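Number of protein chains: 2
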Amino acid sequence: MNKILVLRLGHRIERDKRVSTHVGLVARAFNADGIIYSGEFDNNLINSIKKVIEKWGGPFLVSYTPDWKREIKNLRDKGFVIIHLTMYGINLPDVIDSIKSEFFDKKKNLVVVVGSEKVPRDLYEIADYNVAIGNQPHSEIAALAVFLDWLFEGKELLKTFNNAKIRIIPSARGKKVVVKNSKSSNT
Amino acid sequence: MNKILVLRLGHRIERDKRVSTHVGLVARAFNADGIIYSGEFDNNLINSIKKVIEKWGGPFLVSYTPDWKREIKNLRDKGFVIIHLTMYGINLPDVIDSIKSEFFDKKKNLVVVVGSEKVPRDLYEIADYNVAIGNQPHSEIAALAVFLDWLFEGKELLKTFNNAKIRIIPSARGKKVVVKNSKSSNT
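Protein chains in written order, with our numbering: chain H, 59 to 245; chain B, 59 to 245.
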């Protein structure tokens, strides 16, 4: 089965901790197979994602690279298609069919790269696809979610996870959860 | 023309500044008409959104309320449908048709409420719809983007804005922008 990894560039411990956490959680919830963080090494960030996996299930890979460029080159050598999400790129509706074809027809692996404030210029050249989720400024978190949602056509919203200790039962009012080896709880 | 407002609850100046900014930018980029912040009053946050509007165009309303519950009641009295995005809610694919009908057929205004860490329990009762963007933990930024993208069926990604000083020309490589009263620039 071919895979999707997310590569988050330029993490800064103080400034980005919540945004980078959201990027990781979105990658997991929207059916990517793992996230690789780059920038400053942040053990708390990695542990916060691991805690979510422990509680809500997996599998989902979390790792760190000190050298994003080498990481991308390694992934390219392994046959990954490199997709860079950027407001300057080709708008999603104009490019999604090509990317679907890479993933679903040609069974290629994808690495989806999302930057932080400043993205190194090389990345625009290294990427196979520079993709805009609309050409307006917004959020790498939103861009990643919408990209994966278009790729999986909404089916990712129905995804279930293995070894979850807790599971939500969708509810019109309030919070209904099932905790493993326990009864369902209403709060 | 009926409208969509986003209401962001529980903003905390230190902890939420970047996440709340992303929520505002997503609201604008994905075709909502405005954002109302609640929680701590944060002039920098409001100004950061206003600066984006000044540069990238509008119209887009930015405001603050010290009392979110009163705000929601006021909006309900004006006929707004209250949509609360929460991982505990009914999953988006099961509820989007009803919401589309409220907006496009019945021409109702919508207010889309997104919380921060702790959401007051009342909100689950006050809301007309508690909607999950998948029942997994991720991000209110992603939830808002995907909700609006499903509502507008991707057309919001093509939206243009009035009085923009700068506009992107989608590009396969690099950054191509048009600055008003100036030539296009390639970098």
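Hint data in this document are derived by calculation from the structure and do not stem from the laboratory. Where hints are given, some of them may not hold.
For chains that are exact copies, the list does not tell them apart, and a pair is met inside one copy or across any two.
Said to hold, decoys possible - Derived BS3-like pairs: lysine-lysine, alpha-carbon spacing no greater than 27 Å straight-line: (1) K233 / K158; (2) K75 / K223; (3) K223 / K176; (4) K176 / K233; (5) K176 / K217; (6) K217 / K127; (7) K176 / K234; (8) K108 / K164; (9) K238 / K165; (10) K234 / K75; (11) K238 / K158; (12) K158 / K213; (13) K75 / K164; (14) K238 / K176; (15) K165 / K109; (16) K136 / K223.
Nothing here was measured: the structure is a model prediction, and the numbers come from that model.
Status of each hint after checking the structure:
In this homomeric assembly, K233 and K158 come within 27 Å of each other (Cα to Cα) only across copies, at 24 Å, whereas the closest approach inside a single copy is 36 Å. In this assembly of identical chains, the alpha carbons of K75 and K223 lie at most 27 Å apart only when taken from the same copy (25 Å versus 32 Å across copies). Taking identical chains as interchangeable, the C-alpha atoms of K223 and K176 lie at most 27 Å apart only when they sit on different chains, with a minimum of 21 Å there against 38 Å within one chain. Proximity of K176 and K233 under a CA criterion of 27 Å is satisfied inter-copy only: 13 Å between copies versus 39 Å inside one chain copy.
Taking identical chains as interchangeable, the C-alpha atoms of K176 and K217 lie at most 27 Å apart only when they sit on different chains, with a minimum of 25 Å there against 33 Å within one chain. When the C-alpha separation of K217 and K127 is checked against a cutoff of 27 Å, the pair qualifies neither within a copy, at 32 Å, nor between copies, at 34 Å. In this assembly of identical chains, the alpha carbons of K176 and K234 lie at most 27 Å apart only when taken from different copies (16 Å versus 41 Å within one copy). Taking identical chains as interchangeable, the C-alpha atoms of K108 and K164 are never at most 27 Å apart, the minima being 31 Å within one chain and 44 Å between chains.
For a Cα distance limit of 27 Å, the shortest separation of K238 from K165 qualifies neither inside one copy, at 35 Å, nor across copies, at 43 Å. Proximity of K234 and K75 under a CA criterion of 27 Å is satisfied in neither setting, with 29 Å inside one chain copy and 30 Å between copies. Taking the shortest Cα distances, K238 and K158 never come within 27 Å of each other, neither inside one copy (36 Å) nor across copies (36 Å). Taking the shortest alpha-carbon separations for K158 and K213, both the intra-copy value of 14 Å and the inter-copy value of 19 Å come in at or below 27 Å.
When the C-alpha separation of K75 and K164 is checked against a cutoff of 27 Å, the pair qualifies neither within a copy, at 36 Å, nor between copies, at 42 Å. In this assembly of identical chains, the alpha carbons of K238 and K176 lie at most 27 Å apart only when taken from different copies (24 Å versus 43 Å within one copy). Neither within a single protomer nor between protomers do K165 and K109 lie at most 27 Å apart by alpha-carbon distance, with minima of 31 Å and 43 Å respectively. In this assembly of identical chains, the alpha carbons of K136 and K223 never lie at most 27 Å apart, being 34 Å within a copy and 43 Å across copies at closest.
In summary, the numbered hints that this structure violates are 6, 8, 9, 10, 11, 13, 15 and 16.
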